[in-house]
Amino acid sequence: MKLKLNNKSSFSEKTSFVVIIILMLAIFAFPGDTILMLLSPLLFILVLLIQKLLGSGINLNFYVIWGFLFALLCLSSVFWAQSTELALQDSIKVIQIIIICSLLSMWVDNEQKVFAVLNVIIVSNLIMLLRILMDYPFWEMVANKRAHILGLQVNTISMKFTLSTILCLFLFSIKKGKVKIFYIISILLFLTSILFLGSRRSFVIGLISLFVYGVLNSKNLRKTFSTLGIASIVSFILSYLIINVPELYGIIGYRLEQSVTNFLNGQSLDSTRESLVEIGINLFKEKPILGWGTGNYSFVSGTGLYSHNNFIELLSSLGIIGLIMFYIFYIIFIYNIFKLPKYIKPFMYTLTISLLLSDLAAPSYSVLYIHVFFAILVGYQLSLKRKMWPREIK
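In this note's numbering, the protein residues as written are 23 to 416.
Mixed in with the good hints there might be a few duds.
[Said to hold, decoys possible] In silico DSS-like pairs for lysine-lysine, Cα to Cα no more than 27 Å straight-line: (1) K36 / K197; (2) K36 / K407; (3) K115 / K309; (4) K409 / K197; (5) K36 / K198; (6) K407 / K197; (7) K198 / K407; (8) K309 / K364; (9) K36 / K309.
Quick caveat, the hints were computed from the structure, so don't treat them as lab data.
All chains, full assembly: derive it from the sequences and hints.
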């Protein structure tokens, strides 16, 4: 995780890296700390802005342009929102996220910086895992399934662990030496934690991510079939344990079993989620172009809840315009992956698929840690393009 910098820029870059470490710790290790979550973004924005204004200047990239256009749409929805107060609150939140992640996307302008930030995210999530184990011992985790731990949603924590697992897989595949042991141990810790936290979404996405990354990272057809075989065996063993070990069945087995039963009966969602999605679709039908205003689903639906689906949340809040505006990011990003070196494609495709799958279970358009991954991915893409075509990308 050591960041090598030249003497001329070392102080500025090291200062920036320190505030990035503080920010990542706030987002992934201590997200429930209100003071840290308030001060770390402000410190980050201040330091990065000063560095950019006094140094290389503001370099507009794809994330910056897309982000501010999307934020402008959110802010504009104040004029037609059912609740202007909720729309304004959500818009301010989105604007803050876009500013933070725009600066981050500009900072990760080479592979060393990208790897450094990825490692900080992994370590931050390991700290979160340690905090959970200190507050919520393993035997209690086995005995009880909780919706919240440390005042935070279990599904959110588990999803962060899932994304960190993908980071570990990628770094394990390209790094050499003893550091590989660290990534293997981290993968095992994250996967075990996801299992015992009992999040269906994260568990399924985690399995799919391992499968997709293994297949995409295979060098030839023989290795692809080997990966498929290993993945099938691992899936079978896990399924057997989850169904037949009482403790595991009580945590996650019965929920997975219920999901399979619902699917076989033609029901893709549980009754609560299905109801929330149905309400969102009806709201979209009433105002299909621009929606009811950002952040207004919970108010207009009368449920006081979010829709548990990013696609539905966007359609009901910002209409078809908002949905297209948000997901055009993925379209352009995936298109750009085709131009990158082969070794990086499995990582980027796997992370992108995981983020899209996550959108089926929770809104993401105004979630800071999701945008952090957006920013890192865009910054990484540009740094690789800069290396491949230095004259075209400045």
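For each hint, the structure was consulted:
The straight-line distance between the Cα atoms of K36 and K197 is roughly 23 Å, inside the 27 Å bound, and the hint therefore holds. For the proposed pair K36 and K407, the alpha carbon gap of about 24 Å is at most 27 Å, so the pair holds. Using a Cα cut-off of 27 Å, the hinted pair K115 and K309 holds, with the two alpha carbons roughly 23 Å apart. Restraint check for K409 and K197: the C-alpha separation of about 19 Å stays at or below 27 Å, so the hint holds.
Under the criterion of a C-alpha separation no larger than 27 Å, the hint pairing K36 with K198 is consistent with the structure, at around 25 Å. The hinted pair formed by K407 and K197 meets the criterion: a straight-line CA distance of about 21 Å does not exceed 27 Å. The suggested pairing of K198 with K407 holds, with an alpha-carbon distance near 24 Å, which does not exceed 27 Å. Annotation: proposed proximity of K309 to K364 is violated, straight-line Cα distance about 43 Å (limit 27 Å).
A threshold of 27 Å between alpha carbons decides the hint, and for K36 with K309 the separation of about 49 Å lies outside it, so the pair is violated.
Hint violations for this structure: numbers 8 and 9, all remaining hints satisfied.
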